[in-house]
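Asks: Next come the chains, spelled out residue by residue.
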Amino acid sequence: MFFKRLTKNKSAPKSPHTADAETRSEQKSSSSASTSGAQALSPAELRRTVDPTSLGFKTTDNLDPATSPIGQDRALKAINFGLSMKARDFNVFVVGPPGTGKSTVVRSHLAKVAAASQTPPDWVYVTNFDDPRRPRALALPPGRGRALSQSLLEALREVAATLPAAFQSGDYQARRRAIEEEFRASQDDALETIRIKAAQQNIAVLRTPLGYGMAPMHDGKVVKPDVFNQLPESMRRDVETRVSALQTELETILASGPKADKERRRQLAELNQDVSRHAIEEALDAVSSAFADLPDIAAFLAGVEQHLTATCEQFLDTPANGRAVTSFDPAQDARLRRYLVNVVVSRDDEKSGAPVIDLANPTLANLVGHIDPLTPSTGSPGSGSAGDVLIIRPGALHRANGGALLMEARQLSAVPAAWEALKRALKSGEIVVEGLDGPGPGAVATQPVAPEPIPLLVKIVLFGQAEHFSELEQTDPDFSRLFKVQADFDTTVARSKDNDEAFGQFVASMVATHDLKPVEASGVARLMEEAARMAEDRDKLSIEAGRISDILREADYWSDSADRKATTADDILRAIKERTRRADRSREHIQESVERGIVLVDTDGKKIGQINALSLIQKGAFSFGRPARITARVHLGQGRVTDIEREVKLGGPLHSKGVMILWGYLAGRFAQEIPLALAATLVFEQSYDTVEGDSASAAELFALLSALADAPLRQELAVTGSVNQWGDVQAIGGVNEKIEGFFDVCAARGLTGTQGVVIPEANRQHLMLREDIVDAVREGRFTIYSIKTVDDGIALLTGLEAGTKGDDGRFGTESVNGRVAAKLKAYADRSRTFALSRDGAGA
Amino acid sequence: MIAHIAHADEQRGRVVLWLGGSGEAHDTAVDAALRLAQAFESEIESLFIEDCQLYDLAELPFAREISLSGRRTRAFSAASLAKDMQAHAAALQRSVLARARAADVKVQTRVVRAEPIQALAQACAENGPWNVVTVGTPIGQGNMGVAEIFDTVHATTGIVVTGPKAQRTSGPVIAVVEELERLVPMMRAAERIATATGGDARLWLLEHDQARQDWIEGQIRLALSPSPNIKFDVVDMSIHTPLDVARLMRRQRAGFVIARFGGVLAPHEDGVAPFAEALDGPLFLVR
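Quick mapping for you: the protein sequence lines, in order, are chains B and H.
Under numbering that gives the first Met the number 0, the first residue of the first sequence is numbered 0, with each subsequent residue one higher.
Under numbering that gives the first Met the number 0, the first residue of the second sequence is numbered 0, with each subsequent residue one higher.
Hint data in this document are derived by calculation from the structure and do not stem from the laboratory.
Being a predicted model, the structure only gives us computed values, none of them experimental.
Treat the hints with caution; some may be incorrect.
As the list claims (entries may be wrong) - Taking lysine to aspartate or glutamate pairs in the EDC-like style, the calculated list, with each CA pair at most 16 Å apart, reads:
id	chain 1	residue 1	chain 2	residue 2
1	H	K164	B	D187
2	H	K164	B	E180
3	B	K648	B	D601
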C-alpha cells in the first residue's frame with residue numbers, strides 16, 4: 000500500500016436529464032449521442048466572479064449589520080410558529096448541518112422574541128409545616144423571590160439575636176422561677192406536710208432508692224424491729240393503721256406529681272411562647288408587611304411565625320449577644336435553617352422578559368435539578384434532614400420555565416435518563432425534582448424531601464442534524480408527539496441582488512460580533528466567491544456561518560500581519576490558502592506519489608481499456624480530488640461483469656450500483672438481438688481503501704467500451720460523472736476539487752494544452768474553479784469539457800465517431816459503437832459455436 | 000485556714016462527696032466537688048452511705064415501699080433493699096468516677112451501711128481535720144441539716160450545698176465578708192476556686208450598721224490594694240434580706256458563693272435552704 004486513501008465519489012443531486020429518462024426510446028438516446036456533443040467550456044463558465052464595485056459599498060463599515068439571518072425565513076417562521084403555539088407538545092427541532100450558525104441564529108432570534116415576552120414568575124421552595132417531607136413550591140412576581148429570601152434571612156438573624164436575649168431577661172427569669180417555684184413548693188409542701196403529720200404520729204418518712212417507706216420512730220430514730228415486736232399488739236396494730244393511712248396519703252401526693260409537672264410544663268411553654276411571640280413578631284414584621292399582598296407568601300410567613308413561636312424553647316440555652324450579626328448564617332443553624340427560602344428561579348424584574356436558557360451538558364441533574372444526597376459532608380447543621388428545602392437544586396427546566404430551553408439533540412439523547420425526564424416533564428406539564436437515583440422501578444424512597452412539582456410551560460428547542468431527527472423519529476414514538484415543529488435550516492441561498500446585499504450585511508454582523516476590522520468590498524466579493532465554492536454552486540452562496548466566520552477571522556489575522564486597517568481580498572485569499580495548506584499534507588503526499596510514478600496515472604498518450612477517473616478524498620472539513628486509473632478487460636463469457644472492488648469488499652453499495660447500471664446500458668444497447676456473451680473485469684488500480692459512490696461509473700463505462708472496441712482512450716483527459724441505463728451522463732459532487740486534482744498532476748508534469756477534464760453537462764453550474772485553472776484554460780493550456788451522453792464522452796476520448804444506428808438498425812462499422820457491437824456479436828458467435836461443440840462432444 | 004484542703008498525698012484532708020443513701024446525685028453538686036478538688040489540687044472521697052434505718056424499716060412486718068410515682072406499692076424486704084442499694088450505689092459511683100476522670104481528679108469511692116451522720120463524721124475524721132463536705136443531693140430532700148453536720152462532723156472546715164435549681168459552677172466566685180479577720184482566708188478561697196471555675200473572685204461586704212460598714216469597707220479596700228483584680232462590693236443589710244442578696248448574686252451570674260454558717264446570710268439551719276435554693280450555683284458554707 001503506497002498511501003491510505005479514503006475515497007468518496009460523491010453524487011450530486013440528480014440531473015434533470017434523468018427525469019424523463021424512463022420515457023426515452025433507444026432510438027432517441029442514440030440520436031442524442033454524437034461525436035460533437037462534448038463542449039469545451041469558456042473561462043467565464045469556470046468561475047463566477049463577483050465585481051466588488053457591484054456591491055455598492057466601500058467597506059463593511061458602510062453597512063448595517065444583519066439583524067436577521069440570511070436565507071432562513073422558512074426556519075424562522077417555523078420557530079416563531081412553535082414559540083407562539085402555547086401547547087406543550089409544539090416544541091421545535093432545528094435541523095441543519097453543523098457550522099451553519101443555526102444555533103447562533105436561533106439564540107439571537109429567541110433573545111429578541113423573549114425580550115418582548117412576559118416575564119415568568121420567580122419560584123421558591125419553602126418548608127411545608129404541615130408535611131415537612133413535601134416542601135411547597137410558591138410563585139412570586141418576578142424579582143421578588145430573592146427579596147423574600149433576603150428579608151427573611153435578616154429577620155431570622157434578628158430572631159437569633161433577640162430571642163435568647165428575651166429568654167435571659169430579668170422579667171422572663173423571674174416569671175419562670177415563679178412557675179418552677181410554685182410547682183416545686185407545692186410538691187415539697189405536700190411532702191413536708193405529710194412528713195410533719197407523720198412525725199407528729201411518731202412515724203418517719205424515709206427515702207429509699209426507689210421510693211419512700213414509713214416506719215415508727217422514737218426520739219427521732221426508727222424503732223428497731225425487736226423493740227417494735229415487743230410492743231403490745233394493740234399498739235403495733237395502731238402503728239400499722241397509722242402507717243397505712245399515711246402511705247395512702249403519700250401515694251396520692253406522689254401520684255399527683257406527673258399531673259402537676261404537666262401543668263408546670265404547660266405554664267412554662269405558655270410563658271416561653273408569650274415572651275418569644277413579641278420578639279418573633281417584631282423580627283418578622285418587616286418581611287410580613289412587604290409580602291402581605293401575596294396570600295401564599297403571607298400564609299407561609301404566618302406559618303414561620305407560628306412554628307418559631309411553638310419551638311422557641313430551642314433558644315432557651317443560647318447565650319444572648321444582644322444584636323443581629325450580619326455574618327451569622329441561619330443556614331448553618333439547625334434551628335433556623337428550616338425557615339429559610341430556597342429561591343430556585345429568580346428573575347431580575349418584571350421587564351427582564353422570558354428566559355432563554357442554553358443547556359450545554361444536559362444531564363438529568365442539570366436538566367430537572369436534584370436533591371442533594373444525605374451525606375454528612377454536605378455539611379451544615381440540619382442539612383439533609385427531612386424537610387430541608389435548601390437541598391433542592393434547580394435544573395435548567397426551572398430557569399427556562401416560561402421561556403425556552405435550548406439543547407443539542409445528540410447530547411440529550413446520549414443521556415437516556417435526561418431524555419426520559421424531559422419527556423415526562425413535557426407530558427405532565429410539571430417539573431418534578433428527584434433524588435439523583437430517580438424514581439426507577441423498585442427504587443427505595445430515601446430522599447429526605449419530595450418537593451411539590453412546579454407547573455411547566457416551556458418551549459424546548461433541540462438542535463441537530465437531519466439524521467438525528469430521523470433517528471429520534473424512528474426510535475421514539477414520543478418524539479413526534481412532543482416535537483411537532485421542524486425548523487429546517489438552509490445552508491445556501493441563491494445569488495441575487497438582494498441576497499448579495501444581505502451577504503454583505505451578514506459579513507458586517509460577523510465583523511461586529513467578533514470585533515474584527517472592517518472588510519473591504521473586494522474582500523467581501525472574494526468571500527462570496529468562496530461561499531459559492533462552498534455551496535458547490537456558482538449560482539448560490541453558502542451561509543454556513545461557522546466556516547465563513549473562520550475564514551473571516553483568519554483573514555483579519557493576516558490583515559493585521561500586513562498592518563492593514565481593513566481586510567482585503569488578498570487577506571481573504573491568504574486565509575483560504577493557509578487553511579488549505581494546513582490541511583494539505585495528505586493531498587501533497589498523494590500528489591507526490593503520482594508525480595514520482597508510484598501511483599500510475601498517465602497524462603499523455605492513448606491506451607485501450609484504461610482511463611483516468613477522479614475521486615474525492617475527504618479529510619475532515621477539507622476535501623480534494625485525485626486521479627485514479629481505472630482499467631477494464633473483456634473476454635468471452637456468460638454476461639457477467641466482475642467489479643473487483645466489490646468482489647474484495649472494497650466497493651460500497653453505490654459504487655456497485657453504478658457498475659450494474661453500466662452493465663444495463665451495455666445490455667440494453669448492444670444485446671437486443673444477440674446474447675451478451677461477454678465477461679469483463681473492472682478495477683480501480685492501486686486503490687486500497689473503500690470506493691463509494693457512482694461518480695466513476697461513466698469512466699468505467701468508457702474503459703469498458705474502449706476495451707470492447709479496441710479503441711484507445713486519451714490519457715491526457717480525466718473523466719467524472721455517473722451514467723444511467725439510457726447512456727445519459729449525470730451530475731456528481733465535488734466537481735471543482737476533482738478537476739483541480741487532475742489539473743495539479745498535469746501542471747506538475749507540464750501542461751501540454753491537450754489535457755483536460757470531462758465533466759457532466761449538469762455540473763457546469765457548479766463550477767467555481769481556482770483562478771490558476773481558469774487562467775490555464777484562458778491561455779489554452781487546459782480544457783474543461785462537458786458531456787451530456789456516453790456517446791459525447793466516448794467520441795471525445797477516442798477521437799472516433801461514437802456511432803448511431805442507421806436505417807438498418809446497425810452502427811457504422813468504424814464507429815466505436817459499431818466496433819463494440821461487432822465484438823459482442825463475435826463473442827456471441829464464438830459462444831454459440833463453443834456451446835455446440837461442447838454439446839456435440841457431450842453427445 | 001477556713002478552706003484548707005490538703006493535697007492528696009498529705010493524707011490529711013479532702014473533698015468528701017456525700018452521695019446520700021438514696022435519691023439521685025445532683026449534677027451541680029458533683030461538679031462543685033470536682034471544681035473544689037481541682038482548685039485545691041486535692042482528691043475526692045465519694046461516700047455512699049446506706050442508711051441503716053432503712054434496714055430497720057425493712058425488718059418490720061408491715062414495711063412497704065411506695066414508688067416515686069405513687070402508683071406502685073410493694074413489700075419491702077432487707078434483701079430487696081440491699082440489692083437496690085447496691086445497684087444504686089454502683090450507678091452513682093460509676094457516674095462520679097467518669098466525671099472525675101474527665102476532670103482529671105482522683106477519686107476514692109466507698110460504700111458503708113451506717114447511721115448517715117456518724118458515717119460522715121467517721122469518714123472525715125479518718126482523713127484529718129481538713130475536709131470539705133459536699134452534699135451530693137439537693138438541699139432539703141430529706142438530707143441531714145447543715146447545723147447537724149457542723150455539730151457532729153468535727154473534721155470539716157465547710158459544707159457545700161446546692162439548691163434544686165442550681166445549674167452552674169462557672170461564673171464569679173463571691174465571698175461574703177462580715178468580719179475583717181476573715182477577709183484574707185475568704186479572699187484566698189475565692190481566688191483558688193476561681194482558678195478552677197474560670198470566673199473572677201469577688202468580695203461582698205454585708206453589714207447592717209452603717210458606721211461599722213464604713214470602717215470595714217475602708218479596711219478591706221486597704222487590704223485589697225495589692226490585689227486590684229478583686230472586685231469589691233458592699234451590700235447594706237439594713238435594707239436587704241438574705242433572699243435579696245441571693246437575687247443580686249443570681250443577676251451577677253454567680254457560680255460559687257462562700258459564706259459563713261451563722262453569719263448574716265445563713266444565721267441558722269432554717270435560713271440555709273431558702274438561700275441556697277435562690278442561687279444558681281453552689282453555696283460553700285464555712286464555720
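Asks: Determine for every hint whether it applies to the structure shown.
Replies: Right, here's what the structure says about each hint:
no. : hint            : verdict
1   : H:K164 - B:D187 : 14 Å, holds
2   : H:K164 - B:E180 : 9 Å, holds
3   : B:K648 - B:D601 : 27 Å, violated
When the structure is compared with the earlier hints, a violation turns up for hint 3 alone.
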